[in-house]
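Chemist: Sequence:
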Amino acid sequence: MRVMAQMGMVMNLDKCIGCHTCSVTCKQAWTNRAGTEYVWFNNVETRPGQGYPRRYEDQDRWYGGWSLNKRGRLVLRAGGRVKKLFGIFASPVQPELKDYYEPWTYDYKTLVDAPLGDDFPVARPKSLITGEDTKITWSANWDDNLGGSRDNGHLDPLVERVRRESEDKIRFAYEQTFMFYLPRICEHCLNPSCMASCPSGAIYKRVEDGIVLVDQDRCRGWRQCVTGCPYKKIYFNHKTGKAEKCTFCYPRVEVGLPTVCSETCVGRLRYLGLFLYDADAVTAAASVTDPQDLYDAQMNVLLDPHDPAVQAEARAQGIPEDWIDAARRSPVYALAKVYKVALPLHPEYRTMPMVWYVPPLSPVVDLLRDQGHDGEDAGNLFGAIDALRIPVEYLAELFTAGDTERVTAVLRRLAAMRSFMRGISLGEDPDESIAGSVGMDGQSMYEMYRLMAIAKYSERYVIPKAHVEQAHDLEELGCSLDFDGGPGMQDSSPLGEASGRPVPVAVDTFHALRERQTTDEIASGPGLRGRVNLLNWDGRGAPPGLFPDTPTAPGAGSGPGERP
Numbered sequence: 001m002r003v004m005a006q007m008g009m010v011m012n013l014d015k016c017i018g019c020h021t022c023s024v025t026c027k028q029a030w031t032n033r034a035g036t037e038y039v040w041f042n043n044v045e046t047r048p049g050q051g052y053p054r055r056y057e058d059q060d061r062w063y064g065g066w067s068l069n070k071r072g073r074l075v076l077r078a079g080g081r082v083k084k085l086f087g088i089f090a091s092p093v094q095p096e097l098k099d100y101y102e103p104w105t106y107d108y109k110t111l112v113d114a115p116l117g118d119d120f121p122v123a124r125p126k127s128l129i130t131g132e133d134t135k136i137t138w139s140a141n142w143d144d145n146l147g148g149s150r151d152n153g154h155l156d157p158l159v160e161r162v163r164r165e166s167e168d169k170i171r172f173a174y175e176q177t178f179m180f181y182l183p184r185i186c187e188h189c190l191n192p193s194c195m196a197s198c199p200s201g202a203i204y205k206r207v208e209d210g211i212v213l214v215d216q217d218r219c220r221g222w223r224q225c226v227t228g229c230p231y232k233k234i235y236f237n238h239k240t241g242k243a244e245k246c247t248f249c250y251p252r253v254e255v256g257l258p259t260v261c262s263e264t265c266v267g268r269l270r271y272l273g274l275f276l277y278d279a280d281a282v283t284a285a286a287s288v289t290d291p292q293d294l295y296d297a298q299m300n301v302l303l304d305p306h307d308p309a310v311q312a313e314a315r316a317q318g319i320p321e322d323w324i325d326a327a328r329r330s331p332v333y334a335l336a337k338v339y340k341v342a343l344p345l346h347p348e349y350r351t352m353p354m355v356w357y358v359p360p361l362s363p364v365v366d367l368l369r370d371q372g373h374d375g376e377d378a379g380n381l382f383g384a385i386d387a388l389r390i391p392v393e394y395l396a397e398l399f400t401a402g403d404t405e406r407v408t409a410v411l412r413r414l415a416a417m418r419s420f421m422r423g424i425s426l427g428e429d430p431d432e433s434i435a436g437s438v439g440m441d442g443q444s445m446y447e448m449y450r451l452m453a454i455a456k457y458s459e460r461y462v463i464p465k466a467h468v469e470q471a472h473d474l475e476e477l478g479c480s481l482d483f484d485g486g487p488g489m490q491d492s493s494p495l496g497e498a499s500g501r502p503v504p505v506a507v508d509t510f511h512a513l514r515e516r517q518t519t520d521e522i523a524s525g526p527g528l529r530g531r532v533n534l535l536n537w538d539g540r541g542a543p544p545g546l547f548p549d550t551p552t553a554p555g556a557g558s559g560p561g562e563r564p
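The sequence shown begins at 1 in my numbering and counts up one residue at a time.
These are calculated hints, taken from the structure and not from any lab test. Careful, some of the hints might be misleading.
[Stated by the list, open to error] List of simulated lysine-lysine pairs, DSBU-like, C-alpha gap at most 35 Å: (1) Lys239 / Lys84; (2) Lys340 / Lys70; (3) Lys83 / Lys205; (4) Lys70 / Lys84; (5) Lys205 / Lys239; (6) Lys205 / Lys84; (7) Lys337 / Lys15; (8) Lys205 / Lys456; (9) Lys465 / Lys337; (10) Lys15 / Lys205; (11) Lys465 / Lys340; (12) Lys126 / Lys239; (13) Lys98 / Lys135; (14) Lys15 / Lys456; (15) Lys15 / Lys340; (16) Lys456 / Lys340.
Given the sequences, and given the hints that come with them, work out the whole structure.
Modeler: What follows is the structure, encoded as structure tokens:
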């Protein structure tokens with residue numbers, strides 16, 4: 001047994017309202033740069049839908065993840081080294097720009113500067129790739145208003161798979177329409193196929209916390225990682241010619257702060273914490289023959305941090321004591337392994353994903369209530385799970401490789417928690433029989449409720465800080481996500497400057513902050529490109545442009561750019 005630490009995330013889909021706050025804040029923090037206009041490290045998909053990039057789950061087309069060969073050994077679905085060598089200069093097995101979307105802006109100049117006339121000017125959409133007029137046909141969550149619609153629902157690869165088994169399983173009739181939101185980030189897998197696909201060895205998994213990163217100095221832009229990732233969470237920066245991906249906000253995690261998407265989630269649906277796992281058992285777990293056994297195999301890889309033998313081996317492997325304590329208090333371990341209500345996304349890809357999901361239950365409660373029943377009565381809830389508006393078969397294709405019994409067991413636990421706590425809220429004695437019907441006791445059910453419903457900030461995010469002695473190992477030279485002029489990035493030049501007009505505000509913010517920290521003067525130099533940045537204005541004086549020019553009264557003494 002070789003104990004290693006892995007940062008993980010759990011998302012409670014019952015709480016996601018599809019507001020996209022997580023996506024927007026992630027975009028502003030990490031991909032608000034030229035060359036990454038179409039890149040969304042975090043995106044929220046409406047299911048059923050095609051996802052982003054469109055139909056990324058169709059591995060019969062994209063060949064992402066792992067499969068077993070005739071000898072039962074793990075092999076990349078896209079082929080081994082020899083096959084990749086022959087296709088290294090042309091990799092057609094990956095999404096094109098149209099499968100993401102062609103990023104655009106609008107011709108605001110025409111709208112603002114158009115002369116007075118009878119017709120109202122129009123700001124035409126302009127491609128950020130070519131600069132020409134474009135037609136908007138797809139985007140990061142194009143399915144948002146089409147989820148569950150009869151005309152588009154059948155395009156979901158999972159709907160196709162379920163329908164092949166039984167034509168009656170999923171119908172898009174009005175009374176059966178269903179939808180829910182699915183936030184997605186990089187899975188930071190225990191067995192990452194992107195890392196195995198990279199010819200340059202640029203993708204690596206950090207020993208300290210398991211976060212998967214891209215070494216920009218070693219990346220040569222072969223894009224084999226894009227093909228190899230079954231979740232299509234690695235992107236190609238068409239300006240720098242490098243691959244980029246979600247970093248699990250490692251600069252924040254190293255100092256004990258949650259990821260940006262977690263910090264800004266208005267639904268408080270994300271949990272962050274530490275897993276301890278047996279690194280020696282990963283390959284065997286990913287190699288089990290039956291895809292429906294992969295969930296159990298992955299659960300067996302996760303170790304009990306309360307076990308003295310595990311703790312002793314963790315110390316022997318150099319894991320600090322406070323990290324072991326964090327693993328004991330980890331909310332993600334509790335939800336995934338103790339309460340068993342969190343499930344991995346597409347375990348059949350055999351990558352051992354470490355971002356987990358609590359499947360949604362809400363619609364069944366609303367349905368029962370609308371029919372005049374007590375929506376949180378245990379008998380009603382348990383009896384209605386098989387008739388969920390969100391088909392159990394669909395959820396099983398997402399989280400358990402089609403094992404509906406596993407999903408039903410999770411939904412029964414969630415339903416039992418609601419019924420159990422409902423009795424307590426009404427002043428009744430706890431009904432231990434409800435907890436016992438799903439293999440739990442009242443105390444553990446209350447603890448699960450507290451974690452999922454009313455947990456405090458420090459309970460939802462249990463993030464051990466990096467140690468000083470690890471500082472050298474945690475250095476990331478040439479970070480892929482530094483913007484122009486930042487550390488590790490070359491200056492802009494005519495070669496490779498593919499898009500990015502106008503300059504992102506984040507770039508100006510960076511330059512203004514750097515100038516303000518290194519000079520005693522007002523941050524208003526030429527690096528700000530004539531834009532006044534109130535975020536970095538410290539109130540010392542007024543830089544030109546902060547206030548509009550005003551006519552100066554004779555003898556008033558105030559000039560242009562000065563406040564009278």
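Chemist: All hints are to be evaluated individually against the structure, with a verdict given for each.
Modeler: Evaluated hints:
A distance of roughly 24 Å separates the Cα atoms of Lys239 and Lys84; the hinted pair therefore holds under the 35 Å criterion. A threshold of 35 Å between alpha carbons decides the hint, and for Lys340 with Lys70 the separation of about 33 Å falls inside it, so the pair holds. Simply put, Lys83 and Lys205 have alpha-carbon atoms about 24 Å apart, close enough for the 35 Å limit, and the pair holds. Between the alpha carbons of Lys70 and Lys84 the distance comes to roughly 20 Å, so the proposed pair stays at or under 35 Å and holds.
Between Lys205 and Lys239 the CA atoms are separated by roughly 25 Å; this keeps the pair inside 35 Å, and the hint holds. Between Lys205 and Lys84 the alpha-carbon distance is near 21 Å, which keeps this suggested pair within the 35 Å criterion. For the suggested pair Lys337 and Lys15, the alpha carbons sit about 21 Å apart, so the restraint of at most 35 Å is met. Taken as a hint, the Lys205 and Lys456 pair is honoured in the structure, with Cα atoms around 30 Å apart against an allowance of 35 Å.
The suggested pairing of Lys465 with Lys337 holds, with an alpha-carbon distance near 23 Å, which does not exceed 35 Å. Between Lys15 and Lys205 the alpha-carbon distance is near 30 Å, which keeps this suggested pair within the 35 Å criterion. Between the alpha carbons of Lys465 and Lys340 the distance comes to roughly 27 Å, so the proposed pair stays at or under 35 Å and holds. Note on Lys126 and Lys239: the hinted pairing holds, with a Cα-Cα distance of about 18 Å set against a maximum of 35 Å.
Pair hint Lys98 plus Lys135 holds up; C-alpha atoms about 12 Å apart against a cutoff of 35 Å. For a cut-off of 35 Å, the pair hint linking Lys15 to Lys456 stands: about 16 Å separates their Cα positions. A C-alpha spacing of about 18 Å is found between Lys15 and Lys340, which places the hinted pair at or below 35 Å, so the restraint holds. In summary, the hint linking Lys456 to Lys340 is supported, as the alpha carbons are separated by about 21 Å, within the 35 Å threshold.
Hint compliance for this structure: no hint is broken.
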